[in-house]
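Peer 1: My numbering numbers the first residue of the sequence shown as 35 and each following residue consecutively.
Source of the hints: derived by calculation from the structure; they are not laboratory data.
Some clues are possibly wrong.
To be verified - Computed list of lysine to aspartate or glutamate pairs in EDC-like fashion (alpha-carbon distance at most 20 Å, straight line):
(1) Lys253 with Glu180
(2) Lys150 with Asp162
(3) Lys114 with Glu66
(4) Lys131 with Glu201
(5) Lys253 with Glu152
(6) Lys114 with Glu254
(7) Lys274 with Asp227
(8) Lys114 with Asp139
(9) Lys159 with Asp221
(10) Lys150 with Asp218
(11) Lys114 with Glu152
(12) Lys150 with Glu225
(13) Lys267 with Asp221
(14) Lys263 with Asp182
(15) Lys150 with Glu201
(16) Lys131 with Glu186
(17) Lys116 with Asp162
(18) Lys267 with Glu225
(19) Lys263 with Asp218
(20) Lys131 with Asp202
(21) Lys150 with Asp182
(22) Lys150 with Asp230
(23) Lys267 with Asp235
(24) Lys267 with Asp218
(25) Lys263 with Glu201
(26) Lys263 with Glu236
(27) Lys253 with Asp117
(28) Lys274 with Glu225
(29) Lys253 with Asp235
(30) Lys114 with Asp249
(31) Lys131 with Asp50
Said to hold, decoys possible - For each label pair, taking beta carbons as the anchor points, the in silico distance ranges come out as:
(32) Asn172 with Ala93: 24 to 34 Å
(33) Gln166 with Asn75: 38 to 48 Å
(34) Arg183 with Val155: 12 to 22 Å
Cβ atoms here follow ideal geometry from the backbone N, Cα and C, with glycine treated the same way.
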Amino acid sequence: MGRTLTFNIFRYNPADTASSPHMDRFTLDETERMTLFIALNRIREELDPSLMFDFCCRAGICGACAMVINGRPGLACHTKTKDLPDEITLMPLPVFKLVGDLSVDTGTWFRGMYQKVESWVHTDKVFDPKAQEERMDNALAEQIYELDRCIECGCCVAACGTALMREDFLGAVALNRLARFILDPRDQRTEKDYFDVVGTDEGIFGCMGLLACEDVCPKEIPLQEQLGKLRRKMALAAVKNILPKFLKKDF
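Whole structure, please, built from the sequences with the hints as guidance.
Peer 2: Dropping the structure here:
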């Protein structure tokens, strides 16, 4: 016989003036191969149709069902109830704007972040639709693909100590995104251009190195490895920029 699971779920609808933040308690009989995605849908269909949460693909691709599960950000569709205790607490991701209950607006945050890091290939080449696409070494393409696997779930941002304290911090996902364009030979930006974007406390030097971002990433992207590479590259760019000015000084 399966377990009886107890779910403590955060409830609050900012659009309803009569609503106030509180926790609701639900119980379900656990079934074989149950995930939190299945459990939440059962709660909405069988117990409370007003429960708000996001989902789309249920395959760990869209990132929509990210939430805080027993204090740890993760995907509901990837989390099996058998790996959790009998009592499960679900909260919305912090940092992002709350839509209602477990639903948050990650889209606005990511759109703003991509504008800050200028997340597109910078080139002065005129596009020719009849020309063959540019060739790229397979090994380099695989490196870029490794960083492009981000599903924009927001788990790394929600787990980041700096992001929780500072709204202006770009977060590991932004630094990973920029690292992808540094690798791309089609992007014509210089080290100084990249430094101007992330060479501040809002970017690469604001990270406290707690490693939580990589720890909770559902796609296991090497975020801290990219952070280390960016720090070294940006520090070198800063030295190259400052040293000539320092040597020109008349002591």
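Peer 1: Identify every previously stated hint that the structure contradicts and give their numbers, smallest first.
Peer 2: 2, 5, 8, 11, 17, 25, 29
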